[in-house]
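Start from the sequences, fold in the hints, and give me the full structure.
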Amino acid sequence: MAVASKPLSLGKQQDETKTRTPLSDAWTQFRRNKLALIGLAFIIFLILLAIGADFLQSIGFLDDPLYQHEAPGMTFAPPMTCTQDPRRMNPQWCFVFGTDDLRRDMMSRAIYGARVSLSVGFVGASISMLIGITYGMIAGYYGGAIDNLMMRFIDFLYAIPDLALFILLQVFFKALAAERDRVGPFAQALVDIDRSMGGLFFLFIVLGLLSWIGIARLARGQTLSYKQKEFVEAARAIGARDRRIIFTHLLPNILGPLVVVGVQSIAGFIGVETALSYLGIGVNAPTPSWGSMIATAQNNTFGAYPHLVLVPAVMLGLTVLSFYFLADGLRDALDPSLRGT
Amino acid sequence: MTELMTQTPTVQKDAKGREVLLRVRGLKKYFPIMAGFIIQREVGSIKAVDGVSFDVYKGETLGLVGESGCGKSTTGRTVLQLYRPTAGSVEFEGIDLVKLKGEALRRMRRRMQMIFQDPYASLNPRMSVGRIIAEPLFVHGIGTPAERAERVQYLLEKVGLNPYFVNRYPHEFSGGQRQRIGIARALALNPTLIVADEPISALDVSIQAQVVNLLQDLQRELGLTYLFIAHDLSMVRHICDRVAVMYLGKIVELAPSDELYSNPLHPYTQALLSAVPVPDPAIEKKRQRIILKGDVPSPANPPVGCNFNTRCPVAVESCFRDEPELKEVSPGHFVACHLTN
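Protein chains in written order, with my numbering: chain H, 1 to 341; chain C, 342 to 682.
If you're looking for bench data, these hints aren't it; they were derived computationally from the structure. Computed from a prediction, not measured in an experiment: that's the story for all the values here. Misleading hints may appear alongside valid ones.
Stated by the list, open to error - With a cut-off of at most 30 Å between alpha-carbon atoms, the simulated DSS-like pairs for lysine-lysine come out as follows:
| id | chain 1 | residue 1 | chain 2 | residue 2 |
| --- | --- | --- | --- | --- |
| 1 | C | K369 | H | K227 |
| 2 | C | K442 | H | K229 |
| 3 | C | K399 | C | K442 |
| 4 | C | K440 | H | K229 |
| 5 | H | K227 | C | K442 |
| 6 | H | K227 | C | K440 |
| 7 | C | K369 | H | K229 |
| 8 | C | K668 | C | K369 |
This is the structure we're talking about:
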């Protein structure tokens, strides 16, 4: 043991409990970004509301979003008005955010609308990350002709204007749903699934179809740059198989920027869902969604009743902003080039 | 763990009865130059290693020196089959690695390891030191988790690091300490051959000596054989038993260290050695530097004849016509030059 005679010390007293893992480092960095923390807090708050909406309704804090109150005198109830509805078990009800044209409670609709927006955002981002990372890493890792072919296919997809395709496909799916009884059993099954999800299923398919290409390009670029690194070569030198190199050496290193783009894309998906619902080709009619609420406001005289557009628009704005702040904070926290190696 | 300790080398001996661990013959590595739009064609090749032959005896250190871009690192990587050679054979313990593929090659990797140049790039930043060192064992399915942990502790001590460091991450270490981690990883599988690719050139001079001494101690203790790639001539003289000088993908001179440094025969070796400062003012004052004119020719288009003829101060007519062979001019001293033959 001649070599072991003098173990080096790190200057400071070593204690194994206070080691800095890459993840704890990222959290320390993330905590410094106040806006990102606020964004995260708002998103968590919104998620809790969306999940707990049914519970809040059952204990009487929230109205049924589909329930149309009786209209004594006026069509729209402005915010903070209370009414009596003799049809209900509990006739006294106050509309904190007012009502819409069918005298449905806006607060309830806004919260149930968050369900649609958040699920579209998270499912859309998950689908695009899953497909995009798999596709991009395969192209980047194996390179050569495979890479060339896969990337030319992506270039082809990139040439398609996505919002136009979304609209086209949604119109097609809406027509399919309307013609349910005259299509084949497979299409019928799809339509049934879509109906049970209030129109979300087709939205997921449409959004997932093209959204992964940006992630795939990023994943490919990251893979290309990391597979040149010596630690990947070192893994090959010790005899690691491809699968191990991809999953334990490349993936954890390239994930940072991909997560940032993924979180950013959630905001984009929410925006697209709102746009489609606003155009009337998003979720099915009675299902509350921020986009369809804005459309309702536009169809009526919202100049006299600004809450019609303000409630869904502010919810949308805050949510999108929160996701951008969160992504911003994550970028600072996960980008190793901004910190010492 | 017992399988780690048992070794069954196929003994090969040369004429003088020395055991040959590694026999490289006619090794070539050409990198294709691709061009073309969409459909890529090979329009030429970089002759990084162009017909290299040498033996490495068991327990010795063979130095491989030469300026940047002469193909010494590529030779090291091709020997380990990290790059597959274009031509030639690499016999390691009597088995031609060039003919091995997949699982058979993967199993051979247990017996030959590599130490990398850049200690900052050769360790995965997302893995703890313990995982990095244990990975070779894991990849080859050696030992139980407890046995692997024990071996990691042993290796950390062996390379002069505190065993408490297992849970730390590479960014918490200095360059010299990281290089020790890389050495521990290379030792994990108890290899017989270690290719050290400029293991000290990225380190501070004060740390270089520590790491070189560590490598020498380990060699003595574990009976390692080194293929030591470097450009620091004085360090090579200190650590190597024999030295091979490379120029433009070929070995121009190969001799025991003392012989090479006291009696360099190839004009390129002479020029290289004349650049080494002597720590004695009296000799240093009289030292005549041989300054080579021009640049190294492109390895994509090496000169006809002797590939040193563009810069050789003593080239004669035959140097521009015939390629010199590597010939033994005195016992153990090989030179590829028309003028010495």
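For which of the previously enumerated hints does the structure constitute a violation, in increasing order of number?
-> none
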